[in-house]
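Protein sequences, first through last, are from chains A and B.
Residue numbers for the first sequence follow my numbering, beginning at 20 and rising by one.
Residue numbers for the second sequence follow my numbering, beginning at 20 and rising by one.
I should point out that these hints are in silico values taken from the structure, not numbers from a laboratory.
Wrong hints could be hidden among the right ones.
One copy or two, it doesn't matter: identical chains are merged, so the pair holds either way.
Listed below are the simulated EDC-like cross-link pairs for lysine to aspartate or glutamate, each with C-alpha atoms no more than 16 Å apart in a straight line [stated by the list, open to error]:
#1 40 - 131
#2 175 - 143
#3 186 - 157
#4 100 - 77
#5 26 - 144
#6 204 - 30
Predicted, not measured: the structure shown is a model, and the values here were computed from it.
Next come the chains, spelled out residue by residue.
There are 2 protein chains.
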Amino acid sequence: MQLLKDKIRNEGTVIDGKILKVDSFLNHQMDIQFFNEMGKEFKKRFQDTEINKIITIEASGIGIACIVAQYFDVPVVFAKKHGGTNMSTNVYESKVYSFTKDHYYTIKIAKDYIKEEDKILIIDDFLANGNALKGLIDICNQAGAKVQGAGIVIEKGFQNGRKVIEKLGIRVESLAIIEGFEDGKVILNE
Amino acid sequence: MQLLKDKIRNEGTVIDGKILKVDSFLNHQMDIQFFNEMGKEFKKRFQDTEINKIITIEASGIGIACIVAQYFDVPVVFAKKHGGTNMSTNVYESKVYSFTKDHYYTIKIAKDYIKEEDKILIIDDFLANGNALKGLIDICNQAGAKVQGAGIVIEKGFQNGRKVIEKLGIRVESLAIIEGFEDGKVILNE
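The shape of chain A in the complex, shown without the other chains (with noise of 0.2 Å):
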């Protein structure tokens, strides 16, 4: 997605050469009208695919997924990281390893709001080893719900996210494709 990719290069900010920032725009201040430019693009790429619902995982993926959702007409299910304590008893878990922080943490969703009739795309900001898409399908998975596909906005195409997930027989559809860093600059996939 050409927009996109004019969006990372301008206003993202590489780190320590190897950590592409994007919260000015993506993930800490969040730009609602170029979220509906990625509605629109994700609906083009799964305008042939039965959906009823989109999953993410919060933080950062909330805010996407529900502009997403508006192009799709269908409700959108967050995975919790943080249970509170008025969270229900009765869900799906999934444990899921953090690279960046080496902890396992917990990803939760109520049984209510999943079900066996659902077709599901996932929709996450970032996409580095899959693990919490792994995390969000294994869910989907138990509640026995089909995962139409992924909708990802920014790959890491150097890590091997693409390659676990398609193996679990999941389309990935990613807007922009990293395929490094070269003199602190990233490098996108033409």
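For chain A, the structure is supplied; the task is to place chain B on it using the hints.
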């Protein structure tokens, strides 16, 4: 807002006679069509108020804020409770006391995304004691930004949040106010 009151009555559940759960449409599963109706309502209530940014707090405020932002044509910034490794250290922060969990947590917004010239609408799902809202207002004050108002989905009218926030000179608009509970049912302000 009548539609919200109807949804609370029809889809909300009361736990232990004193906790309202609205996770079927508000803060776990999210009814995006309904979020759009809330967006229109907030826009109506703040139509004469200059607003160039919406601020909220992760996680359940994010989806609401993003949809509402479309009616104001402004970006959203969400305060982080769980700053990841990529979080800038150049942040405003504020300590927030959580009654339900009986501990303090720190919320953060990068200084790049909140400026002196900003005219801010704060959006959140619940107002109870007003502690989270007070933290967000504190961060806005540190930045010298002007808080134009707080738009709340559900206010617990039997707690003192509104008093606390109005005492700071901030206008509070709630789409529904819970007066209390009776026989396992929620009593809404008419």
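Results for each hint:
In the homo-oligomer, the alpha carbons of residue 40 and residue 131 lie at most 16 Å apart only across protomers (13 Å), although the nearest pairing inside one protomer, at 36 Å, exceeds that limit. In this assembly of identical chains, residue 175 and residue 143 lie within 16 Å of each other by CA distance solely inside one copy; the values are 13 Å within and 33 Å between copies. Taking identical chains as interchangeable, the C-alpha atoms of residue 186 and residue 157 lie at most 16 Å apart only when both belong to the same chain, with a minimum of 13 Å there against 48 Å between chains. Proximity of residue 100 and residue 77 under a CA criterion of 16 Å is satisfied in both settings, with 7 Å inside one chain copy and 12 Å between copies.
Within a single copy, residue 26 and residue 144 get their C-alpha atoms as close as 14 Å, which meets the 16 Å cut-off; across copies the closest is 30 Å, which misses it. For a Cα distance limit of 16 Å, the shortest separation of residue 204 from residue 30 inside one copy, 12 Å, qualifies, whereas the shortest one across copies, 50 Å, does not.
Taken one by one, the earlier hints all hold for this structure without exception.
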